[in-house]
Structure formats: C-alpha cells, structure tokens
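Given only the sequences and the hints, what does the whole structure look like? Please build it.
Residues in the sequence shown are numbered consecutively from 1, following UniProt numbering.
If you're looking for bench data, these hints aren't it; they were derived computationally from the structure.
The beta carbon of each residue, even a glycine, is placed where N, CA and C say it ideally should be.
Warning: the hint list may mix true and false statements.
The calculated label-pair distances, taken between Cβ atoms and stated as ranges, are [claimed, not checked]:
{"no.": "1", "residue 1": "Val238", "residue 2": "Arg32", "range": "30 to 36 Å"}
{"no.": "2", "residue 1": "Ser216", "residue 2": "Arg112", "range": "40 to 46 Å"}
{"no.": "3", "residue 1": "Met73", "residue 2": "Arg108", "range": "43 to 49 Å"}
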Amino acid sequence: MLPPLSIRGKIAAGEVAFWVPLTIMTLVLTVRYGFRKDAGWLFLFLFSLTRIAAGALMIAIDLVSSPAMKPDMFIAEITLFSAGLALLFLSAIGFLSLAGQHQYSEYRSMSRSFRGYAIVPIIALGLSIAGDLLGTHVNPEAHIGLILRRVAAGVYGGAYLLLVILAGKCWTYQYYIKRHRRRLLAGVTFGLLFLGTRVAYGILDAWSASDQFGASLSPNPALAQFNSINGNYITYLVMGLVMEFATATTLLLSSTVIMRRHY
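Right, dumping it as structure tokens:
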C-alpha cells in the first residue's frame, strides 16, 4: 500500500493535473505554427514541462521508500521551481514580439530591446541553478549558495521591471498595429500583473531562510511564512503556483484567440 501524500504532495498532484492540458495545447501550437522565433509557445511549453516535472518529483518524494533517493529529488524539485521561472519571462517577451509582428518588432531598436531584455532572465536562471546546488551534497559551499539564490531573486525582480518597461515601449506603437494585435498586447500586459506577484514571492522566499531546504527559517515570522518549503502552504499555493498558472493561462488564451482568427 502506498503511503499517504503530504500537504505538498497533494498540492503537487493538483499542479500536475492542471498543467497537463496546458502542456498539450502549447505543444500543438508550437508544432502547428512552425516554432516561430518571435512567439512564446515554445517557452511556455518548456515551462509547463518544468512544472509537471516538479510536481511529479514532489509526489515521488512522498512515495519513494528509499531515503537515499529523496535528497536528489528534493534538490531537483527546488531547482525547477526557481530556475524554471526564466522560461515564463521568455514566453512573455516572445508574445510581446508577436504582438508587434510586421510592425514595431521589425524596428532595429525594438529588436535589440527584445534580445537584450531576454538575456536578464537567462542570467537569473543560471544563478538559480548554481545557488540551489551549492550548499547540498553536490557542493557544500552553503554561504555562496545563499548569496547566489538571493542575487538570482533580485535579478528576477530586475527582469520584471525591464519587462514592464518593454511592454510600455510596445504600447507606444498601439496606434500602428492592428486591433487584434493590440488585444494580444493587452492580454500579455494583464498577465504581467500575475507574474509580478510570483516574482515578489520568489524574492521573499529567497530571504525567508538561510538554506534552500527551509531548515533555518528567518527569525522574522512574517518573512518565514513565505518560505516555499516550510512556510505557509496557502501562501505558497496562491502567490507561487496559482500566479504562475494564471500568467501562463492569460498568455495562452490571448495568443490562441489571435492565431485562430487571423492566421
């Protein structure tokens, strides 16, 4: 008989169930429209895969009987939660570019902005992976790992501000793009509200404990509740997982309506 799932395991089961349909839809769109370089479906598909993988790992942690296997799975789950966020940023940038296809996206200054801004979440991804690995049995440099995790959270915060600025730049061309593309731009901009909440949670999570496993929580109880491992599970669910899903769903629905009607 399988052991019962923990609270995090039950949340993970729901996470997998919600992300599977979205993963299938993004895969179909990615294949159907030929892996367009300016569209965000590919990155949204990859992000969905990271969330399914993270959920599956959390369930496996509850069900696996071998204690020796759990640390590695736990490290992988934590890393996917933090590092995978970069893919959601890249997806949003892709859809902003799609909204200006054949218009502002063709301008050299905007094209440079899209490419330059995309580098920032990629940097955060690398810092997140390194920070989550340092301080574990992979590499015992815990202090350096803590610094990298907090720097990565700050870089995500900076990437979000740049993304808002980029969206603002796109809106300056609203009268030069077709109505259906303005609707896509509006949908992406609306999705940034949810993404901002998720980024804020990531920053608070990085400062809520001195280790990635949540064993040494902050002495400030208000801050400690934002820890994604041993903090408040409702906060983790709402500000973390729900905000990610709301962002992805908003991006997908906005772009899907555009493609069905005008391609």
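Verification of the hints:
1. Val238 - Arg32: 30 to 36 Å: 33 Å, holds
2. Ser216 - Arg112: 40 to 46 Å: 43 Å, holds
3. Met73 - Arg108: 43 to 49 Å: Between Met73 and Arg108, where Cβ atoms are some 46 Å apart, the hint holds.
Against the hints set out earlier in the document, no violation occurs for any number.
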